[in-house]
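J.: Just need the whole structure built from these sequences, with the hints factored in.
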Amino acid sequence: MQDLGIRVLFMGNNFIRLLGGLWITIRISLIAVAFSIVLGILLGMLMTVKNPITKAFTKIYLEFIRIMPQLVLLFLVFFGLTKSFGINLSGELSAVIVFTLWGTAEMGDLVRGALISIPKHQYESGAAIGLTKWQVYRCIIIPQILTRLVPLAINLTTRMIKTTSLVALIGVVEVLKVAQQIIEANRYTVPDSALWIYGTIFFLYFFTCWPISLLAKRLEKKWKTT
Amino acid sequence: MDTEFIAEYIPLYIEAAKLMLGIGLIGIVLSLIVGLLIALIQYFKVPILRQIATVYIELSRNTPLLVQLFFLYFGLPKAGIYISSEGCAIIGLCFLGGSYMAEAFRSGIESVEKGQEEAALALGLRKGQIIKYVILPQAISVSIPALCANVIFLIKETSVFSVVALADLMYVAKDLIGLYYKTDEALLMLVVAYLIILLPISILAAVLERSLRYAGFGN
Chain A
1 MQDLGIRVLF MGNNFIRLLG GLWITIRISL IAVAFSIVLG ILLGMLMTVK NPITKAFTKI
61 YLEFIRIMPQ LVLLFLVFFG LTKSFGINLS GELSAVIVFT LWGTAEMGDL VRGALISIPK
121 HQYESGAAIG LTKWQVYRCI IIPQILTRLV PLAINLTTRM IKTTSLVALI GVVEVLKVAQ
181 QIIEANRYTV PDSALWIYGT IFFLYFFTCW PISLLAKRLE KKWKTT
Chain B
1001 MDTEFIAEYI PLYIEAAKLM LGIGLIGIVL SLIVGLLIAL IQYFKVPILR QIATVYIELS
1061 RNTPLLVQLF FLYFGLPKAG IYISSEGCAI IGLCFLGGSY MAEAFRSGIE SVEKGQEEAA
1121 LALGLRKGQI IKYVILPQAI SVSIPALCAN VIFLIKETSV FSVVALADLM YVAKDLIGLY
1181 YKTDEALLML VVAYLIILLP ISILAAVLER SLRYAGFGN
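Residue numbers (the numbering used here), protein chains in the order written: chain A, 1 to 226; chain B, 1001 to 1219.
Calculated directly from the structure, the hints in this document are not laboratory data.
Errors might be hidden in some of the hints.
[Claimed, not checked] Derived contacts from chain B toward chain A, CB cut-off under 10 Å, selection only:
1. Lys1156
2. Ser1159
3. Met1170
These figures come from a predicted structure and were not determined experimentally.
Yeah, the Cβ is synthetic: ideal placement off N, Cα and C, and Gly gets one too.
T.: Now the structure itself:
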């Protein structure tokens, strides 16, 4: 009966609904990535400051966020904030908050790594040939940092998209939830639809993330010489 | 904060942690094996297997574990393949982890200079001997930071096991929230449990990375 299962996909607007569900996850990750890049650059710069207090704070933040599974963070915000402070957040909003917190930590670490990878003599030789501080940054430091960061930031986007699949577990109606609805709705007419629907989602994720990873890989290779 | 409640339900968390660590450990060991095998397939450029390995790596790295588990646990039974919860969790973790471990091993192998391989060939070593005595000892020491990062990543990924009906830490926490509405206590224990599990591993990884002496020449 395997050939029957796939027809669920083409019944009504099921496939469009799945794509709509996927878009929810992608939208959450894109918003979170956008915030993470801005905040992550700030955090990364903050982490290179030689002040023991900021250093300790950023370190604790980074370690805590990176050590906790993202699902735990989601639970903390989605269930914890609601109960402790009476703030009622929707699943989507909590997801954006959590993934921004997580992305900021990841991005901050990448920015820090890129910043300290520029040897000090580059700043000094820039100054020696008479460039102003701003010119040193604009013409020497930032281009090098960008070529290092852009592939990593793109990689972070794919990780973000993959991780946002977790929002299904805090009740956001995204692709997996839509899939469950479709499967339940067709439980009697097409009992083996689960195989096809979940298989489709597997490949939907794959074809979303794969091109982005390829792009990151290509850019990384292209800019490796710097 | 209800300390009595915490004391009463700590055993539940310990059970859940044991279950998770058991499955996690099996999954990690298997993914290390799969990873090494794939890295070797790529190194020896075994035809056909090599293409399969490439497809596998791309598939596994570009899909979330949650979706893989849904397919294994809810999808495959419809094709007549029934796998237990534990089986799904282990297969899923191994499917995901294998590719990450393979990448870690591969970058380690690539970091060994070509000249060493040629020197070993000139000494009359066979290809198997070269990989065993020359390449791998150096490659693994280079790979260790990446392997440790993967281990932590995989343990974190085990947090989705509750979807395949395993009573892991997330499941216990959600259960307690649902049953007793003790959200703060349940979440606190959850965070503490993960800290107890992951902090030592993370510290160990950092120590290992720092104290690592690269076996390679010229470092």
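J.: Are the hints correct? Go through all of them and say.
T.: Cross-check of the supplied hints:
no.: 1; hint: Lys1156; in the structure: 4 Å, holds
no.: 2; hint: Ser1159; in the structure: 4 Å, holds
no.: 3; hint: Met1170; in the structure: 6 Å, holds
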